[in-house]
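One letter stands for each residue in the lines below.
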Amino acid sequence: MIHARDLARSFKTKAGPVEAVKGLSLDVAEGELVAFLGPNGAGKSTSVRMLTTLLPPSSGSAMVAGCDIARDPAGVRKRIGYVGQGSGAGQYYKLRDELLTQGAAMRMHPADAKRRADALIDMLELTGMEDRIGTTLSGGQKRRLDVALGLMHSPTLLFLDEPSTGLDPHSRANLWEHVLKLRRETGMTIFLTTHYLEEADTMAERVMVMDNGQLIADDTPARLKANLAGDRITIGLANSDAAKAAELAQNLPQAREVAVGDSRVEVTVGEGEALLPEFIRRLHEVGVDIASANVRRPTLDDVFLGLTGRTLREAQGSVA
Amino acid sequence: MDFLYDVKTSFVREMKPLISGWVWLAFGLVQPLLYIGLFVPLLGDVGGAGVSPLQWFIPGMMVMLTLFGTAMVGWSLTEELLSGVLERFLATPMSRPALLMGRALKEMFPLFFQAVVMIVIAIPFGLRIYAVEMLYGLVLLGLFGVGVAALSYALAIAAKNNTSLFYMVSQSVALPLMLLGGVLLPLESGPAWLYVASRFNPLTYLIEAERALFMGELFSTTVLYGTLVVAATLVIGLAIGGSAIRKASI
Ligand SMILES: Nc1ncnc2c1ncn2[C@@H]1O[C@H](COP(=O)(O)OP(=O)(O)O)[C@@H](O)[C@H]1O
Ligand SMILES: [Mg+2]
Numbered sequence: 001m002i003h004a005r006d007l008a009r010s011f012k013t014k015a016g017p018v019e020a021v022k023g024l025s026l027d028v029a030e031g032e033l034v035a036f037l038g039p040n041g042a043g044k045s046t047s048v049r050m051l052t053t054l055l056p057p058s059s060g061s062a063m064v065a066g067c068d069i070a071r072d073p074a075g076v077r078k079r080i081g082y083v084g085q086g087s088g089a090g091q092y093y094k095l096r097d098e099l100l101t102q103g104a105a106m107r108m109h110p111a112d113a114k115r116r117a118d119a120l121i122d123m124l125e126l127t128g129m130e131d132r133i134g135t136t137l138s139g140g141q142k143r144r145l146d147v148a149l150g151l152m153h154s155p156t157l158l159f160l161d162e163p164s165t166g167l168d169p170h171s172r173a174n175l176w177e178h179v180l181k182l183r184r185e186t187g188m189t190i191f192l193t194t195h196y197l198e199e200a201d202t203m204a205e206r207v208m209v210m211d212n213g214q215l216i217a218d219d220t221p222a223r224l225k226a227n228l229a230g231d232r233i234t235i236g237l238a239n240s241d242a243a244k245a246a247e248l249a250q251n252l253p254q255a256r257e258v259a260v261g262d263s264r265v266e267v268t269v270g271e272g273e274a275l276l277p278e279f280i281r282r283l284h285e286v287g288v289d290i291a292s293a294n295v296r297r298p299t300l301d302d303v304f305l306g307l308t309g310r311t312l313r314e315a316q317g318s319v320a
Numbered sequence: 001m002d003f004l005y006d007v008k009t010s011f012v013r014e015m016k017p018l019i020s021g022w023v024w025l026a027f028g029l030v031q032p033l034l035y036i037g038l039f040v041p042l043l044g045d046v047g048g049a050g051v052s053p054l055q056w057f058i059p060g061m062m063v064m065l066t067l068f069g070t071a072m073v074g075w076s077l078t079e080e081l082l083s084g085v086l087e088r089f090l091a092t093p094m095s096r097p098a099l100l101m102g103r104a105l106k107e108m109f110p111l112f113f114q115a116v117v118m119i120v121i122a123i124p125f126g127l128r129i130y131a132v133e134m135l136y137g138l139v140l141l142g143l144f145g146v147g148v149a150a151l152s153y154a155l156a157i158a159a160k161n162n163t164s165l166f167y168m169v170s171q172s173v174a175l176p177l178m179l180l181g182g183v184l185l186p187l188e189s190g191p192a193w194l195y196v197a198s199r200f201n202p203l204t205y206l207i208e209a210e211r212a213l214f215m216g217e218l219f220s221t222t223v224l225y226g227t228l229v230v231a232a233t234l235v236i237g238l239a240i241g242g243s244a245i246r247k248a249s250i
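Line by line, the protein sequences are chains G and L. Every letter in the first sequence is one number past the one before it in the working numbering, and letter 82, counting from 1, is 82. Every letter in the second sequence is one number past the one before it in the working numbering, and letter 172, counting from 1, is 172.
Treat the hints as calculated values from the structure; they're not laboratory data. Ideal Cβ placement from N, Cα and C applies to all residues, glycine included. You may find that some hints are simply not true.
[What the hints assert, rightly or not] Partner residues aside, some chain G positions facing chain L, computed with beta carbon under 7 Å:
id	residue
1	Y82
2	G90
3	N294
[Said to hold, decoys possible] Label-pair distances were calculated between CB atoms; the ranges are:
id	chain 1	residue 1	chain 2	residue 2	range
4	L	S172	G	D219	54 to 60 Å
5	L	E79	G	E271	51 to 57 Å
6	L	S243	G	E125	38 to 44 Å
[Claimed, not checked] Pulled from the structure, derived: some chain G residues nowhere near chain L, Cβ distances all over 10 Å:
id	residue
7	S59
8	A65
9	E125
10	E205
11	Q250
12	A293
13	L305
14	G309
Work out the full structure: start from the sequences and follow the hints.
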């Protein structure tokens, strides 16, 4: 569905050139749900805008939905749906009118457009708002309208740039329900960007982590966490045999980042829950008294920390 | 064909809020009527002896409304440029120049409406109708407006990160053109330098052509010069506006 090779884009600014995307190569197969995760300014939007022909790359090439973005941009535009980071629906236009306009822009037959608009209004729970104008819609309703606009011509590939940013948690969850339902029902390929870890974690089957214009990881959330972060085991000690405990911790399979406190030992391993009983048994054997035991599953934030040396929240702050 | 279809799509979209906003349109009529009511009695016989001053005043008024109306249309584009609406359309197969063309045509609609109402209202006050000539005058104005609007869109795209720049530039171009074109007062009665300066103002030729048309003149050099000014505005406007939108990456 998407094949990009060495896509790069730089911008001239007053403060000098900004290399927003530096050599992006990726392949997305039909039917995948991929999340592009990265802090603000990582280059997510720039990447998506190149793939959707809105922005010509400085170098590199890409095939999207079977068409070359440089040689056949019109072909790409015909086949994809695009929901940008901003809001696509005009402020003074009625909701249903905007959908019909979108249908016309996609050169749909007016009767088909009407049918499709009504189906989408129903599907995205916008019933009753047909004649409301943009300024009177809530944030969640507006975003659902944006998604509906992107879906008017039933594309096989949908780009969503930060679909849930700025929404309250409830609207976010609601939007996600819709996106997932859509995916189940149509098998559409979805490529979305987000800077919310939880979102990439719970929604996507495949996460591409972007930082500083580069793709730094690409895998399922589970494998990213196992390989790049791991589970953190914390053992609280009753007597102060920390040194002995630390030595055992060191010898666990794939053990790393062993930390020793006054009355506790921490270690990162691949499969924490499976290892914990064995670890406790061994500690017991050497006479270490255990007060508490805990396994913390990693988040994608830990993955990001492992990859870049800083947390996503820190990265966010430094740019935004 | 696709191009025309896209122009229609864009035009129809833009017209919808307008149609539900007739209050604004009515408000837009008050201003020219005030001008007519307050200015025309002061004018005496600017049009020449025995000719209603309306014959002279109304075409100038129409040019002024068109220029101010269309020079600022980039403003509405700026809003959609920043919000992401334009981007949404740029991601569809729509022709980009057609997007702007549809918008520009919509901006012409209220101006056209205003002009027609103004003419109709002026008839009982002595405006003589020269149907063919006046109609040609309206067509010229319409094309001129589309050209100016296209330039305004190009400016909006170029100044998208600095909206006050847009305002500054559009105003500082439109206003002097207007003042040096003799819209409200005859240039002949001003100082000599003003007259000379007005000869370098393309708008002067359009205003003169419109006035000639409203006096019933059609095949004259005055009208020809006005037509050339409109043609040039249209060609330059569409070229610059078209290339701005084709290159626009928001
Ligand atoms: N039109 C532009 N002009 C100048 N710099 C830009 C432009 N668009 C993006 N950038 C810069 O490129 C970098 C990546 O931006 P973006 O792709 O929007 O990131 P993200 O979507 O991940 O937040 C940022 O440093 C941003 O400031
Ligand atoms: Mg972004």
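Honestly, which of those hints from before does the structure not fit? Number 3 - this is the single hint that the structure violates.
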